Amino acid sequence: MSLREPFDLEPAERRTHRLLAAVPPQALPLGFRDAIMRTVASERGVGWEWIVAAVLALPSVAFLAFQVATRGSEFAAALNNVVVAATNDTPQAFFFVDGLTVLAFALLGLASLIAAHASTAIPSRGSTTR
Amino acid sequence: MTRSDQDVVASCLAGDADSFSVLVERYGGRVYNIALRITGERDAANDCAQEAFIRAYRALHQYDPTLPLGPWLFRIATNASLNYVQRWHAHESPVEELPESPEEPEEGPEATAVRREELEEVVAAMAELPPAYRAALTLRHMQQLSYQEVADALGIPLGTVKTHLHRARAALRTRLVPRTKGRS
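Respectively, the protein sequence lines represent chains A and B.
For the first sequence, numbering that gives the first Met the number 0 gives the first residue as 0, with consecutive numbering after it.
For the second sequence, numbering that gives the first Met the number 0 gives the first residue as 0, with consecutive numbering after it.
No lab work stands behind these hints, which were simulated from the structure alone.
Just so you know, these numbers come straight off a predicted model, no measurement behind them.
Heads up, the beta-carbon is just placed ideally off N, CA and C, and yes, glycines get one too.
Some clues are possibly wrong.
Distance ranges between label pairs, derived from CB positions [to be verified]:
no.	chain 1	residue 1	chain 2	residue 2	range
1	B	Q5	A	R17	31 to 37 angstroms
2	A	A77	B	S10	54 to 60 angstroms
3	A	H116	B	D63	30 to 36 angstroms
4	A	E9	B	S10	57 to 63 angstroms
5	B	S10	A	A105	35 to 41 angstroms
Here chain A is said to cover these stretches of chain B; the calculated rule only asks that three of the stretch's residues, wherever they fall, bring their Cβ under 8 angstroms from a Cβ of chain A [unchecked claim]:
no.	stretch
6	11-25
7	28-34
8	46-55
9	119-132
10	139-146
11	164-173
Sequences and hints are given; from them, build the entire structure.
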């Protein structure tokens with residue numbers, strides 16, 4: 000049987016080399032390539048998802064932070080109204096939320112969902128074929 | 000026409016992740032067999048080989064295209080396998096059986112059986128060696144890497160590789176002598 004050998008094989012190694020090089024290689028497990036490519040594809044998707052989540056979340060967070068900084072007292076008053084109404088069993092509480100704030104919360108929620116999906120989509124070690 | 004490894008890596012880096020399957024096809028067998036000889040377990044080898052490819056994919060931008068890709072991949076696979084062995088001591092359960100050789104020489108069935116038995120003894124004796132020795136022997140004699148490539152793959156100096164290999168061969172011989180005596 001003709002066996003390949005490293006170009007710098009020394010005479011002292013020849014005997015061991017003949018022994019070990021004669022050990023036939025084992026065949027790859029079924030689905031080996033597909034499992035890797037699935038992970039690679041999911042990683043590519045995950046990278047894209049993180050970017051979308053960041054694009055959605057960052058402006059919303061910035062806007063909400065700005066709102067809290069400039070209208071913090073209104074938020075506190077609205078929250079107080081709700082708490083008072085709840086503790087007095089009053090069926091009505093007055094507070095005002097503008098549309099942009101609602102939109103910012105909605106986008107933040109959407110971004111959180113996408114980020115949660117991206118973080119759970121990263122396969123853990125050893126689970127690629129199982 | 001066969002694309003070079005460097006072309007495939009460039010495609011992957013340009014966003015064509017599907018090209019990576021070419022590298023998995025090309026090096027999957029060798030990476031898996033390196034992991035198998037170091038871990039001694041099929042499932043562990045499968046996990047380590049897959050992990051090696053995924054790590055390689057994530058680190059493709061760090062690969063230097065002026066160097067051959069094989070030793071770079073083997074280094075990642077060796078590290079993943081040695082980490083596994085350190086974590087789980089998987090070397091205690093060696094792989095026992097060998098596949099049917101695709102190129103059986105023109106010898107009779109009896110000689111083939113004896114040959115097969117010999118090879119199983121070599122694999123079993125190798126599985127008893129320390130993981131670092133198994134890794135060095137695998138890369139040098141089963142994957143035919145040069146001393147320098149083995150040093151690169153293991154991340155140790157050339158002199159240390161030669162020392163490891165010398166000791167590994169001696170340890171392998173020591174384990175094989177009683178086995179061959181027992182057979183005769």
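### Task
Provide an ascending list of the numbers of those earlier hints which the structure does not satisfy.
Those not satisfied come down to hint 4.
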